[in-house]
Each structure stands twice: as C-alpha cells, then as structure tokens.
Amino acid sequence: MSTAASLANTTTFSSSLSRRQQAPASISTFNVFNSTAQRSFKPLISQSIVVPNPTVSRHASIVAQATFDSSPSGSATSFHGACYVVRDNIDTDQIIPAEYLTLVPSKPDEYKKLGSYALIGLPESYETRFVEPGEYQSKYSIIIAGDNFGCGSSREHAPVALGAAGVAAVVAESYARIFFRNSVATGEIYPLESEVRVCDECKTGDVVTIELEKSLLINHTTGKEYTLKPIGDAGPVIEAGGIFAYARKSGMIAALAT
Amino acid sequence: MTQAAIQHSPIYIHTYQTHNDHVHHNPISSMAASSAISSSSSPFITQKDAGVSPLFAHPSKSIKICQKKVSTKIVSVMTPQQSERKPSATGSVKTGMTMTEKIFSRASEKLRLSPGENVWVNVDVLMTHDVCGPGSIGIFKKEFGNDAKVWDREKVVIIPDHYIFTTDERANRNVDIIREFSHEQGIKYFYDIKDLSNFKANPDYKGVCHVALAQEGHCRPGEVLLGTDSHTCTAGAFGQFATGIGNTDAGFVLGTGKALLKVPPTLRFVLDGEMPDYLLAKDLILQIIGEISVSGATYKAMEFVGSTIESLTMEERMTLCNMVVEAGGKNGIVPADATTFKYLKNKTSVPYEPVYSDDQARFLAEYRIDVSKLDPLVAKPHSPDNRASARECKDVKIDRVYIGSCTGGKTEDFLAAAKVLLASGEKVKVPTFLVPATQKVWMDIYTLPVPGSGGKTCSQIFEAAGCDTPTSPSCGACLGGPKDTYARINEPQVCVSTTNRNFPGRMGHKDGQIYLASPYTAAASALTGFVTDPRDFLR
Chain G
1 MSTAASLANT
11 TTFSSSLSRR
21 QQAPASISTF
31 NVFNSTAQRS
41 FKPLISQSIV
51 VPNPTVSRHA
61 SIVAQATFDS
71 SPSGSATSFH
81 GACYVVRDNI
91 DTDQIIPAEY
101 LTLVPSKPDE
111 YKKLGSYALI
121 GLPESYETRF
131 VEPGEYQSKY
141 SIIIAGDNFG
151 CGSSREHAPV
161 ALGAAGVAAV
171 VAESYARIFF
181 RNSVATGEIY
191 PLESEVRVCD
201 ECKTGDVVTI
211 ELEKSLLINH
221 TTGKEYTLKP
231 IGDAGPVIEA
241 GGIFAYARKS
251 GMIAALAT
Chain A
1 MTQAAIQHSP
11 IYIHTYQTHN
21 DHVHHNPISS
31 MAASSAISSS
41 SSPFITQKDA
51 GVSPLFAHPS
61 KSIKICQKKV
71 STKIVSVMTP
81 QQSERKPSAT
91 GSVKTGMTMT
101 EKIFSRASEK
111 LRLSPGENVW
121 VNVDVLMTHD
131 VCGPGSIGIF
141 KKEFGNDAKV
151 WDREKVVIIP
161 DHYIFTTDER
171 ANRNVDIIRE
181 FSHEQGIKYF
191 YDIKDLSNFK
201 ANPDYKGVCH
211 VALAQEGHCR
221 PGEVLLGTDS
231 HTCTAGAFGQ
241 FATGIGNTDA
251 GFVLGTGKAL
261 LKVPPTLRFV
271 LDGEMPDYLL
281 AKDLILQIIG
291 EISVSGATYK
301 AMEFVGSTIE
311 SLTMEERMTL
321 CNMVVEAGGK
331 NGIVPADATT
341 FKYLKNKTSV
351 PYEPVYSDDQ
361 ARFLAEYRID
371 VSKLDPLVAK
381 PHSPDNRASA
391 RECKDVKIDR
401 VYIGSCTGGK
411 TEDFLAAAKV
421 LLASGEKVKV
431 PTFLVPATQK
441 VWMDIYTLPV
451 PGSGGKTCSQ
461 IFEAAGCDTP
471 TSPSCGACLG
481 GPKDTYARIN
491 EPQVCVSTTN
501 RNFPGRMGHK
511 DGQIYLASPY
521 TAAASALTGF
531 VTDPRDFLR
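Heads up: the sequence lines are chains G and A, in that order. Heads up: the first sequence at position 74 corresponds to 74 in UniProt numbering, and the numbers run straight through without jumps. Heads up: the second sequence at position 203 corresponds to 203 in UniProt numbering, and the numbers run straight through without jumps.
No false leads were slipped in.
Beta-carbon label-pair distances, calculated as ranges:
(1) G:127 with A:456: 47 to 57 Å
(2) A:511 with G:227: 31 to 41 Å
(3) A:147 with G:250: 19 to 29 Å
(4) A:111 with G:205: 47 to 57 Å
(5) A:359 with G:123: 42 to 52 Å
(6) A:349 with G:112: 40 to 50 Å
(7) A:392 with G:109: 46 to 56 Å
(8) G:249 with A:372: 52 to 62 Å
(9) G:112 with A:96: 45 to 55 Å
(10) G:112 with A:490: 23 to 33 Å
(11) A:392 with G:123: 18 to 28 Å
(12) G:196 with A:452: 54 to 64 Å
(13) G:250 with A:153: 21 to 31 Å
(14) A:167 with G:109: 14 to 24 Å
Chain G is faced by these chain A residues, among others (derived, beta-carbon under 7 Å):
(15) 118
(16) 135
(17) 138
(18) 143
(19) 244
(20) 248
(21) 298
(22) 328
(23) 480
(24) 482
(25) 506
Okay, the calculated bits of chain A under chain G, using three or more residues with CB under 8 Å as the criterion:
(26) 156-170
(27) 258-265
(28) 490-504
It should be emphasised that the hints constitute simulated quantities derived from the structure, not laboratory data. All C-beta atoms, glycine included, are put in the ideal place defined by N, C-alpha and C.
Pulled out of the complex, with its shape left as it was, chain G reads as follows:
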C-alpha cells in the first residue's frame, strides 16, 4: 500500500499529477502553490469529436482520443493506486467538517492541513480511516463512491482537502453539481463517473488503475474491469487546465503575467 501511495505522489510516475498552475513570479501572502509541490491537474490533451448538438450534456457521447502530450508538465493518462470505498450521499461535511473551514485553501500551510482532515467526518461505521492520525496524506489515491458524491455545501475545501490528501481521482456513480464543478475548477481531483455501482464491487485497499483514454477502471485485486462515462462538458475545461486557463485560451481574459 505504501508503494502505491508513493507512486501516486511522485512526479516521475506516469500517472501522477502536477500543479496545473505555476506560481506567479511575485510571491504574495496568498500565493498558493509551493514551486516544489508534487501534484497538479495536468491538462488532458485530446482529440474530441463533439456531437454537433448545442444541447450537449455531461453524459453526451464525446469521443475523446487522447494523444500523449510531451510537454514538461506531462499529461495524465492514467491513475494507479489503492482505492478507498465510500457509499452514497457522502456530503461535504463528511469530506471536510465545518470546523476546519477556517483553513484557507490558498495558503500553502493551511492547504496541507486540510489534507490531514480529509474524510474525517465519515461515521464510525467506516472502520478504516482515510488519513491516519498525524499524517497529511492518505495511502489511498483513488476514491470509489456511490451516488451523489460531494452533496451539501459549496465549500471548495472539499475537493481541495481530498487533493491535498493525495487523491488523484474519484470514480463515483454520480456527483452533486457544485462539488463536481469545484473539482474541475480547482483541478484537485479528476471526477469520473462509473456506469455501474462500482462501490458495491470494490473494497477499500483494492489496487486499481484508471485508464482515461479507454475510460476504464481496472481492479487488479478482483480482476474486474469497469467502463467509465466520458467526461462530457467538463472535458474542454479540464483539457485547458481549469476555468482560468480555459478562459485565457479563448481570449476572454489576458494571459497571466509572470
């Protein structure tokens, strides 16, 4: 398990994520990311054939053929690690209880602390703790969930805490909208949807791989494979590297001065 954790957190491993944003040259109190920080959401470069229907939905069939990006930041094409399984309706208070919301995610040291509290609100029926006491990161880099993951509050601290704890991706049956949006906007975790209730078939500790281009979740422990839904409308935003990068790409806002 520890191998999986370290794999998920090193920049050299092909499935790792690096910070999607580079810190600007001027360091201010609100400067977010340590330049040596391990992870960020890599832009997924893909050839997308978008269905020419203006009412494209999150579930519409966008055929994404990922090509490998050999830019310095690399590109996420797969995630690999031990999974942590949760049930339906895991709300934001369970992901990060309100008492920890005094931590400001854009401050590096407080960002780190948020990771230590990720999923600390889960009831005692979850026997395995997500983050061990005294640790800042989890040994589980992939979360498998049921329906309506992330329901409740709009607090961005929720996907941030998961990302800070080392989560690379979540495979849920469905998401609450604000949480999904925040995941995409922050780039902290890659929010994927399964076709079936994978939370019923996977157990905490199973070693899994997510192949993005094949939209596949592979559980090595059970030997089963599951199709994932295409990312949908969020694809172009994720591709660009988040909402700011997306807006810059289209010329809506000026390029970041560095």
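Using the hints, position chain A against chain G.
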C-alpha cells in the same frame, strides 16, 4: 391510467421523453433524470399515447399525497392544461422558454438557448462571506495579479456571517482578510463587524448572508446572483437565477464579472390549495425533497408556481428556495409578483425586469401538489430526504431544539415559533436555542407584537416559555462551526432544528441526531420534549 395506478402515484407527473442516449437512472430518484433535453424531442409521454394532448381527460380530483417514497417506476399522468402565465417580458423570444432559461438568455446575450448549453453569463451580484471569501480572494489575486481590481466594486457583496462570535483565531483572521480586501478594493457593500463582544456595536454588521442579501435589496427579479455558499439559491424567491459556486469560480467572477454556466432544465412544482394554518414553507420543501430525493434535482432548476406559492410571503418563498440544494437543485425560482414588488420597494433603487416562463415553455417534469392534504413533516437523521410526518415520530425523545439559520431563523420563523409557544402557555421541556439570522431579525424579535398575544413581543413569549435568550445573529451552529460556537452539538444528542441539513456531524458531533423541521414543529417539540406535530397546540 387506471384507478389503482393513481392510488400508487399520488403526485401527478408528466415527463419528457428525450433522445439522450445516456439517460441517467438514479435508483433513488423517481424520475429519469437526464440532464439534457433535445430540442426536437416530443414533449410528452403518457401511458396512453405519445402525442401532445393538452385536454387529456384526467379527473381533477385531489389525491392525498402519500407519505411513502415514490417507487422508482415513473407513473406519467398528463396534467390538465396550465393556467395562463404572464407573457414573456423580453418580447424577442421566439420559442417557449422557462424563466430560468430566459434569465440565462438575457445574461449571456443569446436570443435563444436550450438546457444543456454552456454559456458565459454576466453576473449581477457576487456574494461571499468569511469562510470562502479569503480563499476566493487568494485565487483572484493569484490569477489577476496582486494589484488587480474587481470587475465592479458595487456588485460584490461581502458578508461576514459564518464564524463570527468565536475566539478561534483563524476565524477572526478570516474576517480581517475580507475587511482588508474590501478596503483595498473600495467594496461598497461590506457588512463589517469588529466588536465581537457586542454585535449591536457594529452598525454595518448584518448577519446571515442570504437573509441580509434580501433585506438589503440585493435580490432582484431577472438577475443573476452567485455566491460562495450552497444556499445562495435562497434568492431565487425573488424570481432571479441564484446559485452557489466555489472559490475558484468566485475568483474568476471577481475579475471578470462572468461565469461559465450550463443552462439547467426545469422541474416545475405546482402547489395549489389553501395553506393550512399548521403548515409552513419548510413543510412544503421537506415534502418535495422527500419525494424526489437528495439527488432528484441535480443540475436542474426547481420552479415553484401555483396558488399556494402566490399566497406565500417573501420570507416563506425564501425558505422554499433555500433548500432546493438539498435536492441537488441548481437553483430554485418563484415568479415575481405584487408580493415581491412590495417587498422590494424602498429596498433597492436598481431597476429590474422580471421574467416569466412562457406558456409553451418546456419542463422536464411537472409535479402537482395539493397542500391541503399535507402534514407537518420532519427529515429524520441523517438525510434531508429522510422524510416522515412529525406525528409518526412522536415517540422520539429529544434533547434540544434549535431555531435559526437562513432556513428557519428569519423574522417570520420566530413569529411562527412564538405563536405555538403562546398557544401552549407552557414552558419548554428542553434547552431551546434561538439564533436570529440578522440584526434586523433580532430587533424584530424584541419589537414586533405577536398577533393574538395582546401586544407581547416574541422575546417576551420566548422568555416566558423558558427558551434561551436570543443570541447574536450569525449562521451559528447550523453547520457546527468552531468548538466554542453557541448551541453547537458537542455530544451525541437529539435535536429538532429549523436548519437545512442533517448529515452526520452537521451541527458538530458525528453522532448527533438532527430532525429538520418547521419553526412550528420545532416549537411544539420543545414544549413536549418529543418530536411533536404542531397541531397538538395550534388547533
């Protein structure tokens, strides 16, 4: 539709067939929750035929709403022809649009759009508070530069309200951060608080953001209001599009005044019938959430119309829209009418233009509810959709009652609670915590006469009943908060609360058991020490 089938489907629903290949079947939800409507789809399916038939011969009897969860089978019944709606305000609309679609259309400057489209909208008001403000500001500065200015210093409303009356240093620091930013940017609407020991010593301080937004005239029909809080949907009561966003989106709006949003399809809820005097809007929304589940409205707009809605006050409409997020809803919305305009008079000088759904607007589904058949409800632990009647829970012993929050801490909520206590004349049997949402609410509790009391104020009635003294206005313990938050649940206790969520640990302790209820039900429960139907006191 057979008679037997009607008995099993107490709510009239008609659903739109879509061409979407990926119709998402939520096993909990009672409807096919597809997230897009193809513009070429046929509008109705019924068990009889696939064509449009507005004069489907359905008997117009009222069916008592079954309290059980609707099964996953969808039973489609054509509704009777809709009553006439006001004509579209924009005039340039060629095809039918819902009011939410019209707001998106205007805000994105697109003549036509359909649910599922992603559009850049112009934001009229952005709200943030002490919990999410600092993070949003951090992102704003990082992305736009340390010296960047917000897109419009009169359209950003900064309202400290969450963790105010606490000794937690980080919480106090967060209020300092938003103050510093407000001064630096010349933010016109920053409702500051400096003296934590006496909220009244802070003339600018308001309290709970969603109530303050309404009271200060920031909610206007037809506009787009975004806030870094899930209950921003409360403002939909004013006939506007209002929804919650995260820090990153807020940082983006701060710099550009725009947001990338997907046009939601609309679920329509038609509530008719005279509101019984033991029911409040909280009961209505608990009824609906229990019906469609906590994910029944995900990515959708929830539009509330009907004679009952028209009879509701603004505060009651706010309660209704407040909890749409608990059904996963993107926004809640109530058409603006005379009640709205009267409320807004003298509160805002910004001109506004209401919009209304067209007669031929397309809804994903329509639910009709006869409110005269409903009972006072609770949402049992640990989910807002865990619906039961208060009566069914009469054997549940409770440890405390909490009356407060944007959901149930407004002036009318306290008047309602006082009404029940007055009717009883007895003292409460459990600690009863009163947390006014804003300074104004606090003032009202101490000054407004309670009808039928011979001129007594709420505060006098509360005191006579042995409730705790109304505390400093803020979000309080609705979401737990720092450990020293007043009325926080710090032990595994049972609480009846007028708040909005009851997931594990919501008000503090992981094993706290929270029953969500209306102010009537909360007050009745305080009087008996058990979950109690307010009819025990009000009739």
